[in-house]
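A.B. asks: Those protein sequences? They're chains H and V, same order as listed. Under full-length UniProt numbering, the very last position in the first sequence is 458; numbers go up by exactly one each time. Under full-length UniProt numbering, the very last position in the second sequence is 243; numbers go up by exactly one each time.
Derived from the structure by calculation, the hints contain no laboratory data. Mixed in with the good hints there might be a few duds.
For lysine-lysine, the following DSS-like pairs were computed, each having C-alpha atoms within a straight-line distance of at most 25 Å [what the hints assert, rightly or not]: (1) H/K437 - V/K228; (2) H/K74 - H/K397; (3) V/K202 - H/K20; (4) V/K125 - V/K227; (5) H/K20 - V/K195; (6) V/K56 - H/K397; (7) H/K194 - H/K20.
Pair by pair, the computed Cβ-Cβ distance ranges are [as the list claims (entries may be wrong)]: (8) H/E47 - V/P123: 39 to 45 Å; (9) V/P123 - H/R144: 36 to 42 Å; (10) V/E207 - H/Q447: 25 to 31 Å; (11) V/H124 - H/K455: 36 to 42 Å.
Residues from chain V that face chain H, not an exhaustive set, calculated with beta carbons under 10 Å [to be verified]: (12) P16; (13) L37; (14) N38; (15) C41; (16) A47; (17) L54; (18) Y71; (19) H97; (20) E145; (21) S183.
Quick reminder that beta carbons are idealized off the backbone N, C-alpha and C, glycines included.
Each chain, written out:
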Amino acid sequence: MEHNKRNHSALSAIFNEDEKRVDWHDETLWFVRSKRDRAVHNVPEWEQLREYGSEIKNHTLSNLDQYLIEFEKKARSNGIHIHWAEDAKEHNEIISEIIRNNQVKHVVKSKSMLTEECDLNSYLTSQGIEVIDTDLGEYIVQLRKEHPSHIVLPAIHLKREDVSNTFHSHLHTEKGNNNPQYLAEAARQHMRRKFIFSELAITGVNFAVAETGGFVVCTNEGNADMGAHAAGIHIACMGIEKIIPKAEHLGVFLRLLTRSATGQPITVYSSHFHKPRNGQQMHVVIVDNGRTRQLGRPDFRNSLKCIRCGACFNTCPVYRRSGGHSYHSAVAGPIGAILNPNINMQENADLPFASTLCGSCSNVCPVKIDIHDQLWKWRQALTKKGHVSSGKRLGMKMMSFVVSYPSIYRVAGRTGRWIMRYFPSLLANKTINSWYKQREMPVPPRQSFRTWYFKNKK
Amino acid sequence: MKVGLFVPCYIDQFYPRVAVATVELLERLNCEVIFPLNQTCCGQPMANSGFAGLAKGCNKNFVENFSNFDYVVSPSGSCVLHIKEHLTDENEDAALHIRRHVFELTEFLLDVLKVEKLPSNFPHKVGVHVGCHGQRGLHVCSMSELVASPFSKPEKLLSMVKNLQMMLPERWDECCGFGGTFSVFEEAVSVKMGKDRIREHKENQVEYITSTDVSCLMHLEGILRRKKSDIRVIHIAEILNAI
Ligand code: SF4
């Protein structure tokens with residue numbers, strides 16, 4: 001594991017080679033966290049609201065089957081086509097079939113982390129179907145053939161000049177013009193044409209309401225609406241956990257979501273879709289992709305409460321200093337670190353260790369997911385399943401032995417301090433001792449506390 | 001009142017002065033302080049690395065050493081949190097008794113001993129580093145993420161110290177990046193986090209950085225010394241014990 005390049009530790013070490021950029025990344029995200037703080041401190045009942053959000057989600061997860069069936073029934077009676085997908089492959093196939101059946105060539109997509117999780121873009125591209133991401137941030141990363149580095153702010157890892165260079169080579173904007181307004185306008189003009197010619201729009205779903213069979217999509221740019229209203233076919237993709245029982249519950253979640261995400265009181269567009277307009281087709285694809293497996297893990301099931309606000313990313317001191325791509329997954333950050341091992345334990349065994357367990361994530365989470373406790377529990381589950389290097393296992397076994405026997409422990413402690421005191425060079429090797437690379441070892445004192453205690457107190 | 005003193009291994013070996021200060025301080029406040037000689041470790045390093053299962057022998061030993069005290073006190077928020085949350089043993093009642101009666105030093109001083117004034121004097125400019133486990137785990141102070149009234153046990157105690165000038169960094173409760181084995185397995189991010197904490201304290205021109213956790217201080221000191229900084233680290237027990 002430690003030797004695998006595709007792990008958080010190695011990737012974040014690369015990210016840290018450019019310290020100025022790390023500072024910039026950290027400060028940019030801290031700014032968002034601070035905006036969140038200001039917004040939530042203006043709501044005296046904030047903690048109560050989080051509790052409501054958490055309880056509604058807990059209840060829903062315990063009755064998920066019932067609410068999904070209720071949603072399906074209502075939505076169908078409203079004229080919406082409902083599709084069920086067991087995994088990412090089925091999800092992609094369902095969408096490509098709708099596209100083929102309708103002989104569609106041009107597809108626009110607004111932000112949906114689920115389609116990222118299912119890698120829909122590459123699937124459709126391989127079928128010769130053009131998909132354009134219309135969220136500005138997603139559009140930028142799409143042009144760069146990258147993945148989003150953050151679930152709410154997909155291009156947060158890029159500076160203005162990076163965007164300017166990307167637009168210069170793809171959209172032929174002026175070289176070196178870093179003016180955000182100019183760049184956004186160029187993207188807007190380009191996208192407008194795509195919107196006009198698109199025949200089919202794919203969106204995500206923030207909340208699906210069982211009671212009404214409708215769903216809500218939240219965006220700041222209005223691109224989901226533009227897509228859905230211009231195209232003849234609207235496909236909305238949702239994970240099974242997006243369901244909420246009643247429309248009135250939106251009064252809790254819409255208040256929580258954007259304050260947590262960006263510090264805005266509400267998203268600029270919170271669009272409610274209930275039925276297709278005349279002549280339009282509306283589809284909802286409901287996806288499992290491992291979620292029921294997670295639901296069956298008592299320690300981790302409540303990670304499904306997540307409303308994808310991104311607050312845990314912005315507050316995470318590790319995420320801010322390692323960048324989203326170091327999590328090598330569609331969903332990065334603290335929530336990604338507890339969701340991804342469920343999808344693939346082997347490949348994501350490093351992620352629960354990419355944390356100091358400081359607990360800030362659990363505190364900002366608007367639906368009170370115990371993120372840092374789950375990180376700890378994933379560590380136990382992963383080592384039990386053998387996803388750990390043999391060196392680490394051996395080290396821990398030795399430690400376990402030493403601390404189980406007081407007399408051995410005393411000798412070990414004395415020897416350790418003695419070696420450090422008289423042969424510090426043994427430990428001062430930057431390649432074998434990663435503590436020492438940028439830090440001094442503590443200076444071993446003449447006597448341990450134990451010795452002092454014997455001399456003075458016994 | 002009979003107090004069992006738990007001294008984490010790295011304090012015993014590298015920072016004995018912190019444990020000495022804790023003993024002297026508690027004795028001055030009329031506690032009978034006993035250091036059970038067969039104690040080893042709280043088991044946290046193994047558990048946080050995903051090997052809680054290997055901590056059995058360690059836990060058993062902990063329970064044997066500490067079950068006969070009114071209170072167990074330690075100058076380490078992190079270890080105390082671990083014991084409080086995860087100490088289990090075949091001797092369930094004893095383990096439970098310990099979990100309910102284990103205190104981090106500042107909590108113990110304020111919540112159990114109800115200390116209202118101290119004779120301490122420390123004429124220096126001191127930056128306060130909030131250790132995450134003491135804060136978000138044990139709630140020794142309020143948290144910037146939550147909408148709740150602010151309070152801080154360490155700051156309350158420090159405010160009793162004469163001539164001490166307390167300084168808080170702007171991001172006053174951001175993690176220092178130690179995180180146990182995180183500090184070596186995620187070396188780059190760990191050190192960067194530490195450097196960023198230090199930068200803020202340096203801007204405040206502090207002479208010392210203090211904390212309720214020696215582990216955070218050991219990490220910060222490692223970076224400070226490498227950078228040949230003249231800022232020193234000091235545990236809160238040492239300040240409260242300074243007269
Ligand atoms: S885990 Fe909580 S804080 Fe993180 S994205 Fe999900 S809802 Fe937001």
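A.B. asks: Sort out which numbered hints this structure fails and list those numbers smallest first.
C.D. replies: Violated hints: 2, 7, 9, 11, 18, 19; rest satisfied.
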